[in-house]
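**Student:** Required output: the full structure, derived from the provided sequences and hints.
Read top to bottom, the protein sequences are chains A, B, C and D.
My numbering puts the last residue of the first sequence at 194; the count rises by one with no breaks.
My numbering puts the last residue of the second sequence at 194; the count rises by one with no breaks.
My numbering puts the last residue of the third sequence at 194; the count rises by one with no breaks.
My numbering puts the last residue of the fourth sequence at 194; the count rises by one with no breaks.
Careful: at least some of the hints might be erroneous.
Heads up, the list lumps identical chains together, so a pair's fine if it works in one copy or across two of them.
Stated by the list, open to error - Heads up, simulated DSSO-like pairs for lysine-lysine below, C-alpha to C-alpha not over 27 Å straight-line: (1) K175 to K84; (2) K155 to K145; (3) K145 to K175; (4) K175 to K155; (5) K193 to K155; (6) K193 to K145; (7) K193 to K84.
Don't read these hints as lab results, they were simulated from the structure.
Number of protein chains: 4
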Amino acid sequence: MGETNIGIERLQELITRGPFNRWLNFTVLKSDADGVEIRAAWREEWVVNPDRRYTHGGILAAIIDVAADYAVAAQLGRPVPTIDVRVDYHKAAMPGDLTAKARVVRMGSQYSTAEAYLYDKDGALVASGRGTYFTASPKA
Amino acid sequence: MGETNIGIERLQELITRGPFNRWLNFTVLKSDADGVEIRAAWREEWVVNPDRRYTHGGILAAIIDVAADYAVAAQLGRPVPTIDVRVDYHKAAMPGDLTAKARVVRMGSQYSTAEAYLYDKDGALVASGRGTYFTASPKA
Amino acid sequence: MGETNIGIERLQELITRGPFNRWLNFTVLKSDADGVEIRAAWREEWVVNPDRRYTHGGILAAIIDVAADYAVAAQLGRPVPTIDVRVDYHKAAMPGDLTAKARVVRMGSQYSTAEAYLYDKDGALVASGRGTYFTASPKA
Amino acid sequence: MGETNIGIERLQELITRGPFNRWLNFTVLKSDADGVEIRAAWREEWVVNPDRRYTHGGILAAIIDVAADYAVAAQLGRPVPTIDVRVDYHKAAMPGDLTAKARVVRMGSQYSTAEAYLYDKDGALVASGRGTYFTASPKA
Numbered sequence: 055m056g057e058t059n060i061g062i063e064r065l066q067e068l069i070t071r072g073p074f075n076r077w078l079n080f081t082v083l084k085s086d087a088d089g090v091e092i093r094a095a096w097r098e099e100w101v102v103n104p105d106r107r108y109t110h111g112g113i114l115a116a117i118i119d120v121a122a123d124y125a126v127a128a129q130l131g132r133p134v135p136t137i138d139v140r141v142d143y144h145k146a147a148m149p150g151d152l153t154a155k156a157r158v159v160r161m162g163s164q165y166s167t168a169e170a171y172l173y174d175k176d177g178a179l180v181a182s183g184r185g186t187y188f189t190a191s192p193k194a
Numbered sequence: 055m056g057e058t059n060i061g062i063e064r065l066q067e068l069i070t071r072g073p074f075n076r077w078l079n080f081t082v083l084k085s086d087a088d089g090v091e092i093r094a095a096w097r098e099e100w101v102v103n104p105d106r107r108y109t110h111g112g113i114l115a116a117i118i119d120v121a122a123d124y125a126v127a128a129q130l131g132r133p134v135p136t137i138d139v140r141v142d143y144h145k146a147a148m149p150g151d152l153t154a155k156a157r158v159v160r161m162g163s164q165y166s167t168a169e170a171y172l173y174d175k176d177g178a179l180v181a182s183g184r185g186t187y188f189t190a191s192p193k194a
Numbered sequence: 055m056g057e058t059n060i061g062i063e064r065l066q067e068l069i070t071r072g073p074f075n076r077w078l079n080f081t082v083l084k085s086d087a088d089g090v091e092i093r094a095a096w097r098e099e100w101v102v103n104p105d106r107r108y109t110h111g112g113i114l115a116a117i118i119d120v121a122a123d124y125a126v127a128a129q130l131g132r133p134v135p136t137i138d139v140r141v142d143y144h145k146a147a148m149p150g151d152l153t154a155k156a157r158v159v160r161m162g163s164q165y166s167t168a169e170a171y172l173y174d175k176d177g178a179l180v181a182s183g184r185g186t187y188f189t190a191s192p193k194a
Numbered sequence: 055m056g057e058t059n060i061g062i063e064r065l066q067e068l069i070t071r072g073p074f075n076r077w078l079n080f081t082v083l084k085s086d087a088d089g090v091e092i093r094a095a096w097r098e099e100w101v102v103n104p105d106r107r108y109t110h111g112g113i114l115a116a117i118i119d120v121a122a123d124y125a126v127a128a129q130l131g132r133p134v135p136t137i138d139v140r141v142d143y144h145k146a147a148m149p150g151d152l153t154a155k156a157r158v159v160r161m162g163s164q165y166s167t168a169e170a171y172l173y174d175k176d177g178a179l180v181a182s183g184r185g186t187y188f189t190a191s192p193k194a
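**Tutor:** Right, dumping it as structure tokens:
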């Protein structure tokens, strides 16, 4: 477990297939035995508060879920359905690219747990979370 | 508590101020002592899987967080920061508008809990969740 | 789904088999299509703070998990493994019996979601939460 | 933040004040800038399934919450109220002492996040989780 890894190029391909993932502008930066690192490139539509200009929590939640999911996918070779996810918000995320670091907490044959930490362009932690992913073999 | 309510028009104004909320195409359908009901109008960018065409979990999470937040906002008269949120996925959400029903579980002077249930265009439950919101008075 | 129900006596038997459930002093009060209601009888060991005498959050979490689990069990006829659980604390729970009301949010063939609300002896909501339960058929 | 730490003896005193903490048989093993490590000594009452003899999830949840809370307490000098907690179950915990490692994810002036990982006597990860803690200054 954790020993196989599909590599950056293949992971980037898998992520980029999804229209909403493309809209989130993901670039896979790293994928190895320790987990994955992905960057989401800022879009003006992400703002929640037009005066203070910080990023909508739904965007942060989506990035955390995707990062944790792809930490699992990097080992399994395919993205997996999210069963549930929890996200904690630590700090307003101001305009700028966001980078998530994610790792598998436990890989199971039926469901698995992964966690992710999300950083702003200055490296400050803005949110973190964990999810349960459905990792049973797809039916033949 | 739970007795005051800012009304549909004012709630719609508050939601519509945020660029990402506008991108999610929210319409407030109801806001009364039992909670709020909001609809998000489908966009093609929401798709996660181009073959099966279902909606990205990050979109469902964002709608649930917004609905629960505005259930609190409807009582307080202002949107509130999300402290943390949990989302459970129940069923693939196929293309079509999504409607969330949300209510306050407990209103507190420092932090509050609200929950939301999300339905597809046929009325099937696709996701649900709950969040903790920061409801301390803004500093003068 | 949700139509069969094993009944109060059988549910009480299932709960009472577990030593920790016995230690939590559970009595099944109700079990029908709307969900289950169970009472946990107060013990002095539950106190977390010897001065203020309120109940340890771990006790409230355990009761919420058991109630949600048995809402699922009442339909399936057997208790199920908890995959993950979230608990929100609303109010200090003072010495006295605690009553949980739980219901299935979504029953699935692989995993299911249930939620529970916990009340003190005066009927005040002290905690609530939800969990994901593993409901795949046991292997033959 | 994270630089002060009350030390093992003082942390042990704070934990041991609570009757339910005493019942959970906690020993503080470590408390430094990286977090805390606490051990809970096995009790027969913890069993959930009399045939298979594994530990009740409510016990694992309580230990995780206590460990995460005391990671915060080690920095603040006082235990703090849990706002909410999430626990993921990874593996049946068989009879034997359990050891939790916990650390603060983000310390805030109003609320803070901490996470914990729980290991059985053979060092296998049996559960993990995270909670939000209320860290506003107590009113004078």
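**Student:** Would you mind marking each hint as holding or not holding in the structure?
**Tutor:** Each hint, compared with the structure:
no.	hint	result
1	K175 to K84	within (17 Å within a copy, 34 Å between copies)
2	K155 to K145	both (17 Å within a copy, 25 Å between copies)
3	K145 to K175	within (13 Å within a copy, 35 Å between copies)
4	K175 to K155	within (13 Å within a copy, 30 Å between copies)
5	K193 to K155	neither (31 Å within a copy, 34 Å between copies)
6	K193 to K145	between (42 Å within a copy, 17 Å between copies)
7	K193 to K84	neither (30 Å within a copy, 38 Å between copies)
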